[in-house]
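S.K.: Using the hints, build the complex out of the two chains.
In order, the protein sequence lines correspond to chains A and B. In terms of numbering that gives the first Met the number 0, the first sequence has 73 at position 74, counting the first letter as 1, and numbering is strictly consecutive. In terms of numbering that gives the first Met the number 0, the second sequence has 386 at position 387, counting the first letter as 1, and numbering is strictly consecutive.
Just to be clear, a hint being listed does not mean it is correct.
Claimed, not checked - Below 20 Å or equal to it, Euclidean Cα-Cα: the simulated SDA-like pairs (lysine to any residue) are: (1) Lys81/A x Thr159/A; (2) Lys81/A x Val277/A; (3) Lys202/A x Leu212/A; (4) Lys75/B x Asp50/A; (5) Lys81/A x Ile228/A; (6) Lys202/A x Gln214/A; (7) Lys75/B x Asn242/A; (8) Lys75/B x Ser262/A; (9) Lys75/B x Ser238/A; (10) Lys75/B x Ile239/A; (11) Lys75/B x Asp235/A; (12) Lys75/B x Thr159/A.
Note that these hints are calculated values from the structure, not bench results. Just so it is clear, the structure is predicted and the values come from calculations on it, not from any experiment.
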Amino acid sequence: MGDGRDAQTWMQRNKMVVTPILFLLPGFLFFAVYVIIPIFQSFQISLYEWDGLGEATFVGARNYQELLTDRNFEISLWNNLKWLALYLLAIPAGLFIALFLNQTVVGIRLYKSLFFFPFVLSQVVVGLVFSWFYLPREGLLNNVITFFGFESVNILGDPTLATYGIIAAGLWPQTAYCMILYLTGLNAVDPEQVEAGRLDGAKGWKMLWHVILPQLKPATFIAFVVTIIGALRSFDLISIMTNGGPFGSTRVLSFYMFERALSEFGFRMGYGSAIAVVLFMIMLVFIGYFLWSMYQEEREARR
Amino acid sequence: MRSIFKTGAAALAAATMLSGAALAEGHTNLEGTLRITADMSNPGPRAVIEGLAAEFGEMHPNLEVELTVVDREAWKTQIRNALSADPPDVINWYAANRMGPYVDAGLFMDISEWWDAGDYEGLESVRGAMTMNDAQWGVPYTYYQWGVYYREDIFNELGLSEPTTWEEELANCQVIVDSGRACYTIGTRFLWTAGGWFDYLNMRTNGFDFHMQLALGEVPWTDDRVRATFDNWRTLIDMGAFIEDHQTYSWQEALPFMVNGQATAYLMGNFAVDQLRNAGLTDDQLDFYQFPIITEGLPQGEDAPTDTFHVPSGAQNVEAARAFLQFVTSPDVQGRINGPDGLGQLPVNANAEVADDEFIQQGFEMLSQNATGGIAQFFDRDFPAEMASVGMEGLQEFMVFPDNLDDILERLEAARQRIY
Numbered sequence: 000m001g002d003g004r005d006a007q008t009w010m011q012r013n014k015m016v017v018t019p020i021l022f023l024l025p026g027f028l029f030f031a032v033y034v035i036i037p038i039f040q041s042f043q044i045s046l047y048e049w050d051g052l053g054e055a056t057f058v059g060a061r062n063y064q065e066l067l068t069d070r071n072f073e074i075s076l077w078n079n080l081k082w083l084a085l086y087l088l089a090i091p092a093g094l095f096i097a098l099f100l101n102q103t104v105v106g107i108r109l110y111k112s113l114f115f116f117p118f119v120l121s122q123v124v125v126g127l128v129f130s131w132f133y134l135p136r137e138g139l140l141n142n143v144i145t146f147f148g149f150e151s152v153n154i155l156g157d158p159t160l161a162t163y164g165i166i167a168a169g170l171w172p173q174t175a176y177c178m179i180l181y182l183t184g185l186n187a188v189d190p191e192q193v194e195a196g197r198l199d200g201a202k203g204w205k206m207l208w209h210v211i212l213p214q215l216k217p218a219t220f221i222a223f224v225v226t227i228i229g230a231l232r233s234f235d236l237i238s239i240m241t242n243g244g245p246f247g248s249t250r251v252l253s254f255y256m257f258e259r260a261l262s263e264f265g266f267r268m269g270y271g272s273a274i275a276v277v278l279f280m281i282m283l284v285f286i287g288y289f290l291w292s293m294y295q296e297e298r299e300a301r302r
Numbered sequence: 000m001r002s003i004f005k006t007g008a009a010a011l012a013a014a015t016m017l018s019g020a021a022l023a024e025g026h027t028n029l030e031g032t033l034r035i036t037a038d039m040s041n042p043g044p045r046a047v048i049e050g051l052a053a054e055f056g057e058m059h060p061n062l063e064v065e066l067t068v069v070d071r072e073a074w075k076t077q078i079r080n081a082l083s084a085d086p087p088d089v090i091n092w093y094a095a096n097r098m099g100p101y102v103d104a105g106l107f108m109d110i111s112e113w114w115d116a117g118d119y120e121g122l123e124s125v126r127g128a129m130t131m132n133d134a135q136w137g138v139p140y141t142y143y144q145w146g147v148y149y150r151e152d153i154f155n156e157l158g159l160s161e162p163t164t165w166e167e168e169l170a171n172c173q174v175i176v177d178s179g180r181a182c183y184t185i186g187t188r189f190l191w192t193a194g195g196w197f198d199y200l201n202m203r204t205n206g207f208d209f210h211m212q213l214a215l216g217e218v219p220w221t222d223d224r225v226r227a228t229f230d231n232w233r234t235l236i237d238m239g240a241f242i243e244d245h246q247t248y249s250w251q252e253a254l255p256f257m258v259n260g261q262a263t264a265y266l267m268g269n270f271a272v273d274q275l276r277n278a279g280l281t282d283d284q285l286d287f288y289q290f291p292i293i294t295e296g297l298p299q300g301e302d303a304p305t306d307t308f309h310v311p312s313g314a315q316n317v318e319a320a321r322a323f324l325q326f327v328t329s330p331d332v333q334g335r336i337n338g339p340d341g342l343g344q345l346p347v348n349a350n351a352e353v354a355d356d357e358f359i360q361q362g363f364e365m366l367s368q369n370a371t372g373g374i375a376q377f378f379d380r381d382f383p384a385e386m387a388s389v390g391m392e393g394l395q396e397f398m399v400f401p402d403n404l405d406d407i408l409e410r411l412e413a414a415r416q417r418i419y
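Next comes chain B alone, as it looks inside the complex (with noise of 0.2 Å):
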């Protein structure tokens, strides 16, 4: 009885699925359940994963999609445990070197293939990003320009205008100080925000490619190069082009001293835009400029980190994470998550709609066309991850005591030595 009643189940499954199949234009007959742990904890991400899970389960009926969305700062450690435990079948995770103890120790499935096949046409740009020991090991869903973002009425009151080059900046920079305000806000508490003017003084200086020398650890730390860029650092910090007092705050509370024009510009990731308008700042305030040109003639490279998915090596459901992974970067899907009711980002797909925001165009403008150099994906993601972490805490110990460099730089060169 028991069988029969069995078989009958299994039969009428089966017709459900093949119309479910056709319904969904030939999207496979993916059955099963599709664990997902997702790290975009904010509401925003949240509002975004959520929605997506709901609507690959809708195109695929036979499959359960399981999602679990754990808080973004929580992930970073517990990843660890979650891929060599019980691991799910998609993950969120970052670009470059951040991934790479998870490559060597196995716990990433290597989808070239995927890739190969032509799974993720439009995609070619970031190839790279997620290129590991000639592999790729993911996909990336969505990153986001650098660049300075500054309060346009107070360059407006104070005559200024976008500089393009150093001299501009370091004038444009006397002039707000003199107006008794400072140039640039920065909480560098958490440290990371360092990196990034480490990052883009040192592109300007010594170019993209030397960045990325000095991030591989084949460039001594302290090489005068290295040393050229700090020398441009300390021209800012000697005339107070930082507030003060910033290691003490976090990237979000040094917000307010844009906000109350107490400074004027801040050197952030796209992201901030979203809380400068919740602040009460209006698009007529606010506005973005690519990091000026400091050696003529180098191109110029950018910051722009890029999130990404992958397939965990221990994944039960390798079917229906390839689809996912697919589904996600496909150019409507792109379009979608990215545009300004999701995360507000930029799409990786190039053949995706970029949403019509100022700063998001702005953004995918600068990086498609004027960052010949290349594309870095941040301090803490190109330098391996201890290195990183030694090297932002002596920037941040360089930004409040710059005689302080030698010794800074020595410890750098230690580290490098032992790192490497």
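Chain A extracted, bound-state conformation (with noise of 0.2 Å):
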């Protein structure tokens, strides 16, 4: 009997390995060509002082020590940091609102529909709504603080509140995202491990320590990956609140490095990509924790 094996052409030989790689082909020639080329042409253009139409002078590292006094660079990245710590209370409280809802009761799909709701609109909706909302005197909040004799606030007016008052209409679609993460999770928890954590005596916040949240892990891996990346991208909001003020004070760094560089005055592309720079070195350090853990999840489970 002649080997069959040789009758196969080298295609059929190495099937296993050619057809993913034709599969994977176009989408990685465009991830390369819109996003890992670009990475890099940033990098190369927050060396110049380019105003987008001219020629393009070559000035060192002039951008990043110009970037180091500037004051609204600092603003940018103290309100990117309160973006990050405060927007991570959408995971507890999209918990929290995911417990609540995953009972049986009539009608539950129909509350977790309206709970889930603002995740689907525009952010751009939810902008507006909110600058509503806020609006002093004639907007539902301050109705409701001078019902109760307070003074009227005006929240994105004021440079010390404006950026969370933005914050807080985030929250509303991120802690609807959240929970949905949760609802699923919650779906996959084991009957018979709730049981046995009964059976040992263990209700209430015990029983949600130590028996539910541990088989939440990966819901809660995955809402904390899409948080972080969503304080993170945070643009939108700001752009229709605020627009970035009052006098500047609401930016973060993807906004400003939109005002430097592509924006009605804005004419300084090596300024802007200096600033996307700095937000991707910052995103950097998240993107490879998350690629690490994820890494070591892959292994453990090998084992």
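M.R.: Here it is, written out as structure tokens:
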């Protein structure tokens, strides 16, 4: 009997390797052209002074030096940190609502959809709704506050409050997102373990902490990833609600980058790129952590 | 066979062209395509540019006029791509410093020759606004006055009259504030409205020439004369002349305060009149006065922003573009498009007819007779783009927290030293 393998073509022999590569190739090409290469281009442009039209002049690290003394950059950086820290509140809030909604009551699907609803809305709509909500005097918030005899506040017009006001608006859809992640996670909770826990006398917080939460770990991880990325990407709400103001106090890095490089009065591609590079570096810390922990889990699973 | 057909068609085309040219009174034999990209996207202006394109197309039967209307705000960022990638033959933009980046990058065509050739008779007075590096880079097609629009009925009720001096202004304002109203409505959310106040206060306190020196970066922001301007502004702020929470409103959102009578006046461009009328105010309730004199003896300067047409340096059909610019600026067309059915603004051609509208007439009179100091474009067009954005942010902050003035001025001064 001759070896059947000889009759096979090279393609047939290697199809387990070649086929996935062929499938991946278009995606990889697009990813390279629209994501990877532009990242390195930003690195390069950040070393130039360029108005986007004429000749670019090489200035070395001068854009970065200027960032060090740029007060607006400092404000943006701090605001980014505020976003990062406060946006994470969406995770416990989402968990709480998910636990609350994880019951078998008539019409629970309707309640779940109502809670999920804000996530379906466009960020622009969320921003507009909250701007009206916050309006000085006419807004709903101020109607309530003044009803209880307090002074009317202008949240979006107050440089110390405006950022928090926008984050609160952003938390609304983000909480809904985390809630849906946890609801799915709760479906996968093993009833036998819950039963066993109950037999051991666990209930309430103990049950939640020692039995339910460990099983929700994958959901928590995903919620963490999307919330961190959402916080760093915040842009549309700021643009809609305050346009970076009052006097630039609600800028974050992505908005500041847009302002400097691409907006009506911005003609500094190099400076904008330098801001983008800093933002990318911050993101890289988180992306690195996510990839590392996913890799760890993959290894655990293989064992 | 084919070639015979072609020659036949060409001959026919040539014949019609000749007759067409004859019909259009020697309006040359333009052919090909004329591509216009306009930012006149609001309903009124849109109808104007569409009408112009159609009319110009009819005048030149062999010319195909291709019009693209881009959203006015979006165009401010799109223009860069449009000019460098696939430039059309005619585009919209603004005069003064705002055309600087495109002039410097060589993206606008130098059309000084056309000006010298007498294409634009009647436009001599606006030639300066189109001049940069000793050459002309486009033509204006409309401009409008700024000034104080006020509630005539409330003024009558309180027994006030149009102020001409700063003392009268302050006295008026005190009466208005005492009656429980704000003197001025303003919405500074998009910053530029505060620029208008600075323009006027500075031009009235220190004069037009000083204002222009500041715009050119020749005077430090920490100069005492600049402080004097802010002192005058502060007088108004401290007496409660402006509505509260203005940093939250856009200029349109600030209109209801005036319409409802919570504020009595608005320092604005003439485009506000249309909105105020639409909101229900009649011409009996509305009136206009020139910003009062602060420093005696200084000739008054005025803001009158000019909107323009330019020919990109990469234009394909330059001949047609030239004819179009000439057409747009001719007295007849100027009178029509700036009339009450068109833009409702001022024609740039001195020979054109000024529309019979209370506010347009008053504005025309003011600019032609009572703006002896000079005509400025506007804060965000006279100052370089970056200085304007940093500056307007500081102006907004000053209006909310006047105590931060020292800090703001130092910031602006640092920006000035870097930018110029």
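S.K.: If a hint holds in the structure, say so; if it doesn't, say that too.
M.R.: Evaluated hints:
1. Lys81/A x Thr159/A: 12 Å, holds
2. Lys81/A x Val277/A: Holds - the C-alpha atoms of Val277/A and Lys81/A are around 17 Å apart, at most 20 Å.
3. Lys202/A x Leu212/A: Answer holds: Lys202/A to Leu212/A is near 13 Å, not above 20 Å.
4. Lys75/B x Asp50/A: 14 Å, holds
5. Lys81/A x Ile228/A: 14 Å, holds
6. Lys202/A x Gln214/A: 16 Å, holds
7. Lys75/B x Asn242/A: 16 Å, holds
8. Lys75/B x Ser262/A: Holds: Lys75/B and Ser262/A sit about 8 Å apart, inside 20 Å.
9. Lys75/B x Ser238/A: 16 Å, holds
10. Lys75/B x Ile239/A: 18 Å, holds
11. Lys75/B x Asp235/A: Holds, because 19 Å separates the two Cα atoms, which is no more than 20 Å.
12. Lys75/B x Thr159/A: Roughly 31 Å between the alpha carbons, so the hint for Lys75/B and Thr159/A is violated.
Comparing the model with each earlier hint shows a violation of hint 12 alone; every other hint is respected.
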